[in-house]
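Participant: Use these hints to put chain B onto chain P, whose structure you have.
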Amino acid sequence: MAKVSIPDEVTAIANDIKNMKIRGAGKIARAAAKGLLIAANEYKNGMLENFLSYMNHVADILKNTRPTAVSLFNAISYVLSRLEKSKNYIKSVDEAKLIVVRAANMFIEYSLNAVEIIGEIGSKRITNGDVLLTHCNSSAAIAIMQKAHSQGKNIKVYATETRPKFQGHITARALARAGIEVTLIPDTAVRLVMREVDKVLVGADTVAANGAVINKIGTSVIALAAKEANVNFFVAAETYKFSPTTVIGELVVIEERDPKEVVPESYIRKYPSVNIRNPAFDVTPPEYIDVIITERGIIPPQAAILILEEEYGWAIEDYILQATRALESDEEAVTTW
Amino acid sequence: MVLRADYFKIIDDIKHGRIYSSTETVLSGLRLIYEIVRNSKSLEDLSADLTSIVPLLLKARPTSAMLWNCVKDLVSEIVEAGKDGKLENIKEKAFEKEKELEKKIVTLGEITAKMASHRINDGDIILTNSYSTIVLKAFSIALREGKDFKVYVTESRPGSEGFDLAARLAEMGLDVTIFVDSAVRYMIKEVDNVFLSSEAIAANGALVNKVGTSLIALAANEARVRTFALAPTIKFSPETLLGELVVLAEGEPTSILPEKLRSKSMGKVKVRVPLFDVTPPEYIDGIFTEKGLVAPQAVIVILREIYGWPFKFITLEEVIEVLKTWQK
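Keeping their order, the protein sequence lines are chains P and B. Residues in the first sequence are numbered from -18 upward in steps of one, following the working numbering. Residues in the second sequence are numbered from -15 upward in steps of one, following the working numbering.
If you're looking for bench data, these hints aren't it; they were derived computationally from the structure. A virtual CB, placed ideally from N, CA and C, is assigned to each residue, including glycine. Certain hints may be false.
Unchecked claim - Using 27 Å as the maximum straight-line C-alpha spacing, the simulated DSSO-like pairs for lysine-lysine come out as follows:
| id | chain 1 | residue 1 | chain 2 | residue 2 |
| --- | --- | --- | --- | --- |
| 1 | B | -7 | B | 75 |
| 2 | B | 254 | P | 146 |
| 3 | P | 2 | B | 244 |
| 4 | B | 296 | B | 77 |
Claimed, not checked - In silico negatives: residues of chain B with every beta carbon more than 10 Å from chain P:
| id | residue |
| --- | --- |
| 5 | -3 |
| 6 | 3 |
| 7 | 15 |
| 8 | 166 |
| 9 | 249 |
| 10 | 256 |
| 11 | 275 |
For reference, chain P alone in the conformation it holds in the complex (with noise of 0.2 Å):
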């Protein structure tokens, strides 16, 4: 393909992403439609023909910054399927330009109702004078504590201080801003505090079609530790983050981030042969998991099947007419079968 200009505003945005300046998988899934909006505004070229392409271009580098985001795909997907529906009817780019922003702007809203709603659910399962735990920094589960704060409940929180990015800090700063009762833990002390906790609740990742939750590193041992002193443990994750390519068997990749996260460089520097491992992601098992909170109604994580095939069945009916297609070609495997 030719070499497609790519507005500068774009580029900032991929890169936040990648250095996660932006994080969190509802800021990223924004961002990204918010540059695929960008970049759909500041189209040059003019000719009709190209634009499709140059969105997918714009899309393929929004992809790579964090390839393991499904939130990430979602969002763009949400955004060009609809430019993609829609292409043998555009007459020129003007129009196919306010397909893409008509979306974008859709999704954002979107995505942003989705945390107050799921605020406003999950904060019926909260109770007086619960002990939460969280761990990690999540819009929706912050969502859903300030909200049964706000109704006047009382609830005290643990929030792990979340290593290597520390991002508990967050989670206690916002927490403590909106009045609530904060105490930071090493992640170490879980075990040893989940006696005196009442209800788990963290965010996703990423939601697979079994129901099993990839979150922050710690979040699986957390909800093993739920499991053995028989604390609840509730999942809060928007229907954009459920992923549609495990239903066809796809492994959802488990992301493997700088060293220098967890150790300072002087260390890499002072002890090169040991060996570091930062997985940023854990799987935790949908038999760990209570319910799944989302935006359409708390379900159980064995019912994601169900969200994955209302919200995003379009897209699993793609994936599977593709896969069907590569088999068809491959003539060899069509007469063994």
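Facilitator: Relative to the frame of chain P, chain B by itself:
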């Protein structure tokens, strides 16, 4: 000449984990008591110093059964030697006992390490946490014997001593990998055995150790990975036979939230820094001691062997009561 201020500095170093390994803690505690004996001018002086400093020393690391046991041994020896009222005799006996205990701690640790090293096989990946002299020794023995194995070490917040242990192991030439504590359930699938150090073993076989140990044991149990504690019997706590609960110390809030971070709008955030936790016996497959590998449920048998049944031992409080009578 060691000044009184130095006594308190040592206690402070133990309390805040600047002296972390339980072996090093006990050795510096015993040396501190001997210094007090050596510097005292009269029985009354000695009694006053010991009765004020010994409880402080124990409170600095209340979980350490080995500290408790050894200090009790040394102070009992001092009380015994003081029966005829001669300070010189006390100094001599305390010197001998202190040396004897130091040697005992090191020897028992080494035998325990040797036992544990038998459990390391070619191709194994062993997971450990925190910083343990005995676990370190077990790895170095296995390495010397030419075993080809890898070690995984968790960071072990608060304190992050796991990184120091990893550095020592790497210097020994071991293949060592570090990761954050949260990654334990993710990494455990690759692990063959878990080696845990110990702060104390209770009468029911429960293990008191660095916070996070019980979470590792839980994850290992779920993944059906064998989990062993390394604990010479000097780390078994007879006080738990009397129903005493092991007191779990908490650290300074600033150890995980430094002041400079707190000033930035974190004013009302509370901080809890537990330093130890308790791993129930059902998550421990075996305890390596100098007497061999025992089931946690058999700890009571060993305690009975040492203290008899019905068990007989004097408590530290009783020893200190005798010491106090010297002041009158």
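Participant: Taking the hints in turn, state whether each one holds.
Facilitator: Cross-check of the supplied hints:
The suggested pairing of residue -7 of chain B with residue 75 of chain B holds, with an alpha-carbon distance near 23 Å, which does not exceed 27 Å. Between residue 254 of chain B and residue 146 of chain P the CA atoms are separated by roughly 19 Å; this keeps the pair inside 27 Å, and the hint holds. Proximity of residue 2 of chain P to residue 244 of chain B is assessed by CA-CA distance (about 22 Å); at most 27 Å being required, the pair is judged to hold. At most 27 Å may separate the alpha-carbon atoms for a hinted pair to count; residue 296 of chain B and residue 77 of chain B meet this at roughly 24 Å.
Chain P leaves residue -3 of chain B outside its interface by the beta-carbon criterion, the shortest separation being 21 Å against a cut-off of 10 Å. Every CB of chain P lies more than 10 Å from the CB of residue 3 of chain B, the least distance being 20 Å, so the non-interface label holds. Listed as outside the interface, residue 15 of chain B is consistent with that label: its C-beta sits roughly 30 Å from the nearest C-beta of chain P, beyond the 10 Å cut-off. Not every C-beta of chain P lies more than 10 Å from that of residue 166 of chain B, the closest at about 3 Å, which undercuts listing it as non-interface.
Look at residue 249 of chain B: its CB is around 6 Å from the nearest CB on chain P, not clear of 10 Å, so calling it non-interface is violated. Its beta-carbon lying about 5 Å from the closest one in chain P, residue 256 of chain B breaks the requirement of being farther than 10 Å from that chain. Against chain P, the non-interface label of residue 275 of chain B holds: every CB pair exceeds 10 Å, the least being about 30 Å.
Of the numbered hints listed earlier, those contradicted by the structure are 8, 9, 10.
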